[in-house]
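Enquirer: Chains D and B, in that order, give the protein sequences. If you read the first sequence in my numbering, its first letter stands for residue 1, the second for the next number, and so on. If you read the second sequence in my numbering, its first letter stands for residue 1, the second for the next number, and so on.
Any given hint could be a false lead.
[Stated by the list, open to error] With a straight-line Cα cutoff of 27 Å, these simulated DSS-like cross-link-like pairs (lysine-lysine) come out:
1. K272(D) x K581(B)
2. K534(B) x K192(B)
3. K246(D) x K272(D)
4. K12(D) x K148(D)
5. K276(D) x K166(B)
6. K41(D) x K134(D)
7. K41(D) x K15(D)
8. K148(D) x K134(D)
9. K148(D) x K219(D)
10. K276(D) x K167(B)
11. K219(D) x K246(D)
12. K271(D) x K245(B)
13. K166(B) x K272(D)
14. K246(D) x K233(D)
15. K246(D) x K148(D)
16. K245(B) x K276(D)
17. K245(B) x K40(B)
18. K534(B) x K462(B)
Everything labelled a hint here was simulated from the structure, so no lab data went into it.
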Amino acid sequence: MAHQAVTKLSGKDYKAALQPVWCPGCGDFGVVAAVYQALAKLNLDPDHTVLVSGIGCSSRLPGYVNTYSFNAIHGRAIPIATGIKLANPDLTVVVVGGDGDGFAIGTGHFVHAARRNVDITYVCMDNSIYGLTKGQTSPTTPSGESTKTSPDGNIEDPINPVLTALACGASFIARSFSSEVKTSVELIAEAIEHDGFSFVHMISPCPVFRGRQQFDFVKERVRGVPEGFDFTKREQARAIAFEDPKEQITLGLIWRDSRPSYITRQQELRKKVAQKGVPTYEDILHSFIPDFGAVGAAR
Amino acid sequence: MPRDDLIVGIAGAGGDGVVSAGELLIQVAAREGLFGMLVKAFGPQIRGGESSVRVRLSSRPVLAQGDDLDVLIAFNWADYGRFSAELVPDEHTLIFVDEMDKTPPGEIPLPERLKAGVTRVPFEQLAIDKGGSALAKNIVGVGVLAGALNLPRDAFARAIERRFAKKGEKVVAANLAALDAGVEVSEGHHAKVQVRPKKPETLMVVSGNDAFAFGALVAGCRFMASYPITPQSEVMEWLARELPKFGGVMVQPEDELASVCMAIGASYAGVKALTASSGPGLALKSEAIGLASMAEIPLVVLNVQRVGPSTGIPTKTEQADLMQGLYGSPGDTSKVVVAPTDVADCFTIAIEAFNIAEQYQVPVVVLSDQGIGHRTDAIRPFDLSAVRTVERRLATAEELAQVDPHHGFSRYTLTPDGVSPMTVPGQARGNYLSSGLEHNELGAPVSGAAGHQQMSEKRFHKLASVPERYAHLLITAGDAHADVGLLAWGASKGAVLEAVEVLAASGIRARAVIPRLLMPFPAAQIERALEGLKTLHVFELSYGQQFCTYLRSQLRPELAARLVGHGRAGAAPLSVQEITKLVAPSLQAAAD
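Can you build the whole structure from these sequences, using the hints too?
Expert: In structure tokens, the structure reads:
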């Protein structure tokens, strides 16, 4: 159970003193605003909340939030967050980062975090470009786009984060858009409350290296989930995961299953182990001393 | 020097039970009060391939694996042939081979002069006739050893009863019959040396990897994340079994990167954490070790070294990850490097590593190796009453009450000793930004030269007191008036200490100096230990002479100039004979 703040906190109570280094118009401003409000919505105790990130523009976000925060190394936010959660399951642990961090250098961790179902939340801010290093192709850059490392157009196809999450067994999958702050607040809060690995694919445009047209392109194509949509139905989630982002981009809760989280299973395992009794260090030491006892005739 | 030890070699095919015979021997001998060392070697097969063991027993602690054998059991010549370089018989060796082996005399992998003395024993036939199955072949072998080594038959019988008790009385009786058949065969074949315990002693039998894992547990480690790799996996297997009993976690992540990062996360959250690997895995962890250094997060990284580079020889030992351990992270990484020197030391050094990591908020790299990790020793039990554990310096509630909530907790406050009080999530008013970016006292990123200089000084200065505080990690042995010095580290200690004794017995006064703390380099302590020595021989299992190179870079120039490197590639542990051969001629030259 998440630790609540003693008094009712508002979004600005979660704002840290450090000023963002992001460029004007960066989608990440919308995301950090949503993070403040989502934490306030759940009234989470800042002392029991940890934000973890890797490297990238969006990975600077933990520094701007007045909780425990950890700005680690490129691609490794998920395992660091996993270690924190396993060491102290009482903490609320949220990972934030970008598409390069999560779906290029850190892909392997995403795959296994989804499968492992440790109760952490991952908000991936996807701008489809490497912004911090100033404009190289990212794993989600659409094919045909020109970047500094694909000056004649990207000849690779992008990875599909939502489909990947579904394939890897993430138990909570949602998508939002940085300018839709209200939707983001709802989805981030729900993701944090979810007991298991929760993934929010957060489209967060980069006006500097992808231009104003990226924002407009997304804006024109976003829509809510269709009427009667059921996020517990695999086929329906799959249909959204497979949609062509050139046609439409569905925002909302896409998939949720309620299989037990790693933490729940671990607690069950501990109970089972404890029934067999807890040895002392002396007991263990004695297990290394050969003692064949006085068994039978040979003695 | 009078012998006070017995060395046994056993070789055979998969299913011959070579390893369990060796384990039975060392356990029974330990129960009788004999110290021992068991070294296993395997062929490349995953399961069922040829294997060999070498067991050295003595009435005093065994330092090294010893040289020529006293007894050799070969279940067949072909499999023995694969280990003939490791299990060398001489004129005094009792050699037993299975009667069924039809190898033509010309192809028997023994020197001609020894072939006539081989005793042919129907191991397999006796196992079938008396033990009811060819599987009891190794127990016949154990019976032969009991007789040949003059060890009490009843001690083996008790061990066999205990081992097979679960399989029922019939199996126990059959194995006892196989044992007795072996004892009978050994009549008239007795090793020249008799080894008896000096006094009754309770001994433990443990491998280096298990000793390290136990040490970690006792040190308070409650989190381990590791990826399987030879020769480390036993450490994680042991802790996977034991940690949940103590409310701890052993998790096996997707790769080495995740392993070290999960351990960093757990430690950041306040739990003593370990990650372990071998050389290739340490390489993958090195970026994250830099993070732990930069963010000042306690962390213990165990590297059970194996032959490299690349995949190398995973099941054999080498000491060539020294430079990687010392310098293998990007930037100026402040860290501590320690090395256990034998099986018992794996327990001790595990505890010291956690103590240093917690006390100095620093990553500690432990360089063990396959030679001790996979070795099993019969030794005096660890003294749990002597264990001291150290906890990290957490900010107190009173200190945190003073924190200005607008700026947050000053995690990297500059202090006289360089160690800043830290907090863990859950501590009220303790929140801060932990970062791999260069930062100021608050943890906020900085990019100026002055800030980087100041924080680099902090991270290195805080370790300045390690060599003095951990001065007991320097081992010196031998003659105070020696002029021959032998320097080594890690698993090479055993052979070096024994060489010092062998040299002393032939009138050569030598002193061994073996640092277990390698970084920060304990220069003052080592230079004191080297006082009076004229020649400084450096022994290590590194073709590139990494230890000698490191010593040269750290010692005073006049000492550095006297270092004579004898490093060689690993795969075989250092032997006493090779040390004495290298040292004695130079001494002869000095005397002329």
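Enquirer: Taking the hints in turn, state whether each one holds.
Expert: Hints, one by one, checked against the model:
1. K272(D) x K581(B): violated (58 Å)
2. K534(B) x K192(B): Violated, at roughly 39 Å.
3. K246(D) x K272(D): violated (51 Å)
4. K12(D) x K148(D): violated (38 Å)
5. K276(D) x K166(B): Distance of about 20 Å is within 27 Å: holds.
6. K41(D) x K134(D): violated (35 Å)
7. K41(D) x K15(D): holds (14 Å)
8. K148(D) x K134(D): Given that 27 Å is the threshold and the Cα spacing comes to 8 Å, the pair holds.
9. K148(D) x K219(D): holds (25 Å)
10. K276(D) x K167(B): Within the cut-off at roughly 23 Å; holds.
11. K219(D) x K246(D): holds (12 Å)
12. K271(D) x K245(B): Since the Cα atoms of K271(D) and K245(B) sit roughly 9 Å apart, the hinted pair holds (cutoff 27 Å).
13. K166(B) x K272(D): holds (24 Å)
14. K246(D) x K233(D): Holds, at about 24 Å.
15. K246(D) x K148(D): Within the cut-off at roughly 22 Å; holds.
16. K245(B) x K276(D): This hinted pair holds, its Cα atoms lying about 9 Å apart.
17. K245(B) x K40(B): Distance ~30 Å between K245(B) and K40(B) Cα, so the pair is violated.
18. K534(B) x K462(B): violated (34 Å)
Of the numbered hints listed earlier, those contradicted by the structure are 1, 2, 3, 4, 6, 17, 18.
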